[in-house]
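Trainee: In the order they appear, the protein sequences are chains A and B. Mapping to the numbering used here: the first sequence position 81 is 77, numbers consecutive. Convert by adding 512 to the 1-based position in the second sequence; the result is the number in the numbering used here.
To be clear, the hints were calculated from the coordinates, so they are not data collected in a lab. A few of these clues could be false.
The calculated DSS-like cross-link candidates involving lysine-lysine, where the alpha carbons are at most 25 Å apart (straight line), are [as the list claims (entries may be wrong)]:
#	chain 1	residue 1	chain 2	residue 2
1	B	K554	B	K669
2	B	K900	B	K601
3	B	K742	B	K635
4	B	K637	B	K742
5	B	K560	A	K75
6	B	K636	B	K554
7	B	K637	A	K183
8	B	K797	A	K75
9	B	K560	B	K669
Keep in mind the model is a prediction, meaning the values are calculated, not measured.
Read off the chains here:
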Amino acid sequence: MNRDRLSSRFAACKAQGRAALITFMTAGDPDIAATPAILDALVAGGADIIELGMPFTDPMADGPAIELANLRSLGSGTKTKHIFALAADFRARHPDVPLILMGYANPMLVRGADWFADQCRIAGVDGVICVDVPPEEDAEIGPALRAAGVHLVRLATPTTDATRLPAVLDGASGFLYHVAVAGITGKQQAAQASIEIAVRKLKAATDLPIAVGFGVRSPEQAAAIGRVADGVVVGSAIVDIVGSHGDAAAPFVQDFVAALSGALTTQAQETAA
Amino acid sequence: MTDTINLPNSLRSQPDSSGHFGAFGGRYVAETLMPLILELDKVYRTAKADPAFDAEFAELLRSYVGRPNPLYYAGRLTEMLRDKAAAGKGAKIYLKREELNHTGAHKINNCIGQALLARRMGKKKVIAETGAGQHGVATATVAALFGMECKIFMGAKDVERQRPNVFRMKLLGAEVIPVTSGSQTLKDAMNDALRHWVSNVHDTFYIIGTAAGPHPYPELVRDFQSIIGKETRAQMMEAEGRLPDMLIAPVGGGSNAIGMFHPFLDDPEVAMIGVEAAGEGLDKKHAASLAGGASGILHGNRTYLLQDEDGQITEAHSISAGLDYPGIGPEHSWLHEIGRVRYLPVTDDEALASFQTLAKLEGIIPALESAHAIAAAEQIAPTMDADKIIVVNLSGRGDKDIFTVADALGVEM
Ligand SMILES: Cc1ncc(COP(=O)(O)O)c(C=O)c1O
């Protein structure tokens, strides 16, 4: 059952008193052949949940790091069929690690929402984050994913106010992704205090796990956010490592993810003590 | 703003309240932008219903832009085409002189309207994307007029081929930000403008330059540009005592064309032609998203796009920077699908030829964008009876294009 993988992972982390570590990489960066080793490095380093980016020519919500990753991937010939093959192979190697596809509407919907949802289900993808489909445009992708038993993960941002939040939550599943900065992915960081206020508000409004991402780059930051949130998402910092080391990136990625994971675990032990 | 009564079954009552024109349009934006877009919609509805807003808009169009601009009978162009046509053929060609507006194109109409909205929303900073630089110049101009801070995003390739406009924008006090990602043209400028906007939503208004983007932009840009069609209608009644038989306008994102067409959509006797840039030809590099594209989602709306089978956006090409965009406004996609407007492709070479023809025959140097529409008129007028009337929207003047044209003709300046 697809639905169970995400919720059991959040439950397992909670039982350990720590936040889930959610790591992002772009599929096919630097190329399709190098991607499985990097995915395995994320898992070996201690990632709980994998977000796999579907590259797009026009990633409007991404800063330079992930934009370049998108272009490297497409430049090396990544096609949608390769991404689903990567996902299916990942599922075979890691039967219990939740896998989320993250990307933009056009590559997801170009063959129709039902086709996309079906491919997700067949490949063992647990959830989808579609950056440029707000709740107002749910009608196409939302019902298709729900029918296929694939979570539609919604985003709440610093501009999502109390009147709007119910609309965001309506139809959201898996977890709620709190985008910590009003901006694009990359280096901009949110103040810890504002993250804490936001997470508290979101928790009051939903039982879904709350993951916080955008601008999380260091183990220290991850640990601080892990004190209040159910999940911490790290993206650009990992993508930067792939950018500098190319197809030799796996060990470097693993070390970095291990540091993030270690920080979340240590923080949990300190809190428990 | 609009003084029309929408009849049931009117083609002029789009979009619906969620911004859809049939299957097209919508609001495909990041959640961060959604609250702002909803607020813009609310502010726009209020403004549209407020006679004071309309009055201020109309007054600025009159005293600052120089409207109404003339509807001009292009006698020598008409006669030249009649000479080549069969006996009794050769429609009369009128030009709607948008190129005589302050800043030299239709773009200023929309910028005045959006700057008024920005002021209503209390925003002191404006940003814009630009291709040819006409929208950038128009935005920089209204920013100066309203005392707002202005940043213009422009593809690095366009910065190169539209140098005069880059300097104009700087003179007007705007900061021009060359965009080096992707194809370094209009689409990439729009990506970076959206990135800047999402990071500065609290104090920044995005003045989108064409009838595209997330709802309510396609609607409000159309409404501001509809002054073109309204004036044309009145001026044609005065000149000929009847409506024209055909309207022709160039289509980049589609703002000048929809502004010209919209007031006539419910007049079935008025045929309409939107001219897409066919670049080097439809089988080579081009920018004709209706002729050579498919429905998809980009820059906030569902519309026809140049894309591959995986939904990756493919690069557009046109000699005219203002048409060099892989998409088109959603209302045009809808008008194309229901067959109300016909869209024709015109190549770089055809546009270049018409650029020179209009200069020599009428003493008007058209923008390369507008030259595409002239080329279509040159093809169609000789097939129509001599008592028929065509209006071509001369959307802009060609001063900005003289370097590009000289280059294409192999002339040293
Ligand atoms: C003179 C002129 N005409 C036409 C266009 C195309 O834009 P639109 O289709 O929005 O009118 C431009 C765009 O820069 C332009 O400068």
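Trainee: Just to be careful, I want the Cα atoms of K797 (chain B) and K75 (chain A) compared with a cutoff of 25 Å; is the pair within it?
Mentor: holds (22 Å)
Trainee: So if I understand the rule, the pair passes when the alpha-carbon distance is 25 Å or less; does K900 (chain B) with K601 (chain B) pass?
Mentor: Since the Cα atoms of K900 (chain B) and K601 (chain B) sit roughly 9 Å apart, the hinted pair holds (cutoff 25 Å).
Trainee: Are the Cα positions of K742 (chain B) and K635 (chain B) separated by 25 Å at most?
Mentor: violated (30 Å)
Trainee: If you draw a straight line from the CA of K560 (chain B) to the CA of K669 (chain B), is it 25 Å or shorter?
Mentor: violated (37 Å)
Trainee: Mind checking the alpha carbons of K637 (chain B) and K183 (chain A) for me, to see if they're no more than 25 Å apart?
Mentor: holds (23 Å)
Trainee: Take the C-alpha atoms of K560 (chain B) and K75 (chain A), compute the straight-line distance between them, and say whether it is at most 25 Å.
Mentor: violated (46 Å)
Trainee: Hint check: K637 (chain B) vs K742 (chain B), CA-CA at most 25 Å. Holds or violated?
Mentor: violated (31 Å)
Trainee: Sort out whether K669 (chain B) lies within 25 Å of K554 (chain B), counting only the CA atoms.
Mentor: Given pair K554 (chain B), K669 (chain B) is violated - Cα atoms ~37 Å apart, limit 25 Å.
Trainee: Holds or violated: K636 (chain B) and K554 (chain B), Cα atoms, limit 25 Å.
Mentor: Holds, at about 19 Å.
Of the numbered hints listed earlier, those contradicted by the structure are 1, 3, 4, 5 and 9.
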